[in-house]
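Visitor: Sequence:
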Amino acid sequence: MQTPKGKTISLEVPRKKSPATPRTRQLKTPGAETDCVSPIPASRTPKDRSPKVTERRSPRSPATERAQKKRPSRISELESQLAQLQEDLKKAKEQLNSSESWKRRAQQEAEDTKKQLLTMSAKLEESQQQLMELSSSEDVRVQELRKISHGRDKVWESELEAVQKQHSIDSAALASAMNETQRLKTQLDMVVESEASQTKHVESVHAELQGLRLELTETLSLVEKMKIELSDTRESEAQALELASKTQKQLEEANATADMLQGDDVKAMEVYKSLSLELEQSRAQEKSLEELVSKLQADLANINEKMVKNPTGDVQVSHESVENEETKQLNAEMNLLNLEVGQLRSSLEATEARYQEEYIQSTLQIRSAYEQVERTKLESGQREARLETELKKAKNNIEELRANLMDKETELQGISEENEELTLKVEKNKPGERESELAIGAEEVRA
Numbered sequence: 003m004q005t006p007k008g009k010t011i012s013l014e015v016p017r018k019k020s021p022a023t024p025r026t027r028q029l030k031t032p033g034a035e036t037d038c039v040s041p042i043p044a045s046r047t048p049k050d051r052s053p054k055v056t057e058r059r060s061p062r063s064p065a066t067e068r069a070q071k072k073r074p075s076r077i078s079e080l081e082s083q084l085a086q087l088q089e090d091l092k093k094a095k096e097q098l099n100s101s102e103s104w105k106r107r108a109q110q111e112a113e114d115t116k117k118q119l120l121t122m123s124a125k126l127e128e129s130q131q132q133l134m135e136l137s138s139s140e141d142v143r144v145q146e147l148r149k150i151s152h153g154r155d156k157v158w159e160s161e162l163e164a165v166q167k168q169h170s171i172d173s174a175a176l177a178s179a180m181n182e183t184q185r186l187k188t189q190l191d192m193v194v195e196s197e198a199s200q201t202k203h204v205e206s207v208h209a210e211l212q213g214l215r216l217e218l219t220e221t222l223s224l225v226e227k228m229k230i231e232l233s234d235t236r237e238s239e240a241q242a243l244e245l246a247s248k249t250q251k252q253l254e255e256a257n258a259t260a261d262m263l264q265g266d267d268v269k270a271m272e273v274y275k276s277l278s279l280e281l282e283q284s285r286a287q288e289k290s291l292e293e294l295v296s297k298l299q300a301d302l303a304n305i306n307e308k309m310v311k312n313p314t315g316d317v318q319v320s321h322e323s324v325e326n327e328e329t330k331q332l333n334a335e336m337n338l339l340n341l342e343v344g345q346l347r348s349s350l351e352a353t354e355a356r357y358q359e360e361y362i363q364s365t366l367q368i369r370s371a372y373e374q375v376e377r378t379k380l381e382s383g384q385r386e387a388r389l390e391t392e393l394k395k396a397k398n399n400i401e402e403l404r405a406n407l408m409d410k411e412t413e414l415q416g417i418s419e420e421n422e423e424l425t426l427k428v429e430k431n432k433p434g435e436r437e438s439e440l441a442i443g444a445e446e447v448r449a
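Every number in this note's numbering is 2 more than the matching position in the sequence shown, counting from 1.
These are computed hints drawn from the structure, not numbers from a lab.
Just so we're clear, the structure is a prediction, and the values are computed from it rather than from any experiment.
Possibly wrong hints are sitting among the right ones.
[Claimed, not checked] Dumping the calculated DSS-like pairs for lysine-lysine here, alpha-carbon to alpha-carbon at most 27 Å:
#, residue 1, residue 2
1, Lys92, Lys187
2, Lys394, Lys125
3, Lys125, Lys156
4, Lys125, Lys395
5, Lys394, Lys156
6, Lys395, Lys156
[Unchecked claim] Computed beta-carbon distance windows for the label pairs:
#, residue 1, residue 2, range
7, Glu79, Glu113, 27 to 35 Å
8, Leu222, Arg185, 53 to 61 Å
9, Lys187, Glu217, 43 to 51 Å
10, Leu341, Ser100, 31 to 39 Å
All C-beta atoms in this analysis are idealised placements derived from N, C-alpha and C, irrespective of residue type, glycine included.
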């Protein structure tokens, strides 16, 4: 009977090739963009703009710098966790292979033990047959064969005890193999839990990316709003300049009318008073318009200053395309990361299914080996009982032969010389048979 060969469990996890230099996505810092943007709005500011405004630079955004520092570190941390997961799976594979070799060795030892029991049983039956044949011939020969059989029985009993001890050792080895298999299953469960925590970490990274996208959308809407406000301010400035021009024309016309009316005193005074009043009103209106123009210019300067501070201002429309490109790059990286995590999850699921199948097969094989050992023990016990019964029968027959010996003494005297010759032959063959049996037994124990 052949014991089923244990399958070699192989856990293969697709290794993620990490590049020589990890690809990290760098977001442009507000300070760097401001340095390249600031000369353009400075060239578009009005002539009477303060020099302090043109020389000021926008500070760096702390939120952008923190996001820039977090992303590469989290990606590198994710890659290191994936590498650790692959290393754990490799160790689990080695431990499963070691457990499988222990199981195969225990099965082979059980098979060898069964063969030894069969060989010993055949030899015991052969010894019993020889004893029965020799007991029917004569008493002296029976005595010699009895001694030989008794010595052989002791040897077989000692060898049987050794085989039983080997059985207990094999059982302990099988129990150890089962414990090792259970430990490897526990380690695989830990690997699965680690993969679940890795998936949660990836989901948190995805949520952060979504938050960054929302922040980018809000920034773009703020830029659009500032563009609209700048356009309204420019329109208000044009209207104020047009009103100032009209007022200046009215003032010139009033001065001309005053010159024309200087010839008439009364009318001139009245006209002069009227014109003076109108002039004062015009000057007040001009002053208010000048204040409005100054306010509009200050507002325009403030808006330009805000645009200088904001890295995505109107003066750099190309930043929108750059940010859109960065958003696309973020989406591509996130999709690639989700694809890699999905491949790892599917690989781990396939590995777990394969491990479950191999574990079930290993359990069935170990259970079969246990059942085989139990059957072997039961058969050995039955054979021992049968041999003991046969030995008792042989002893009874020997006693009967001894009782009949006195009756056959007269008959045995005639053939005593022949018995002596036979005894000498048996004594000569006995050492050779014993040596050959010991050599066969030693070879079987080595096997």
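Visitor: Could you run down the list of hints and mark each one as holding or not?
Guide: Evaluation of the provided hints:
1. Lys92 x Lys187: Distance ~14 Å between Lys92 and Lys187 Cα, so the pair holds.
2. Lys394 x Lys125: holds, 18 Å
3. Lys125 x Lys156: holds, 13 Å
4. Lys125 x Lys395: holds, 18 Å
5. Lys394 x Lys156: holds, 15 Å
6. Lys395 x Lys156: holds, 18 Å
7. Glu79 x Glu113: 27 to 35 Å: Given about 52 Å between the Cβ atoms, the range is violated.
8. Leu222 x Arg185: 53 to 61 Å: Once the Cβ atoms are compared, 56 Å apart, the range 53 to 61 Å for Arg185 and Leu222 holds.
9. Lys187 x Glu217: 43 to 51 Å: holds, 46 Å
10. Leu341 x Ser100: 31 to 39 Å: holds, 34 Å
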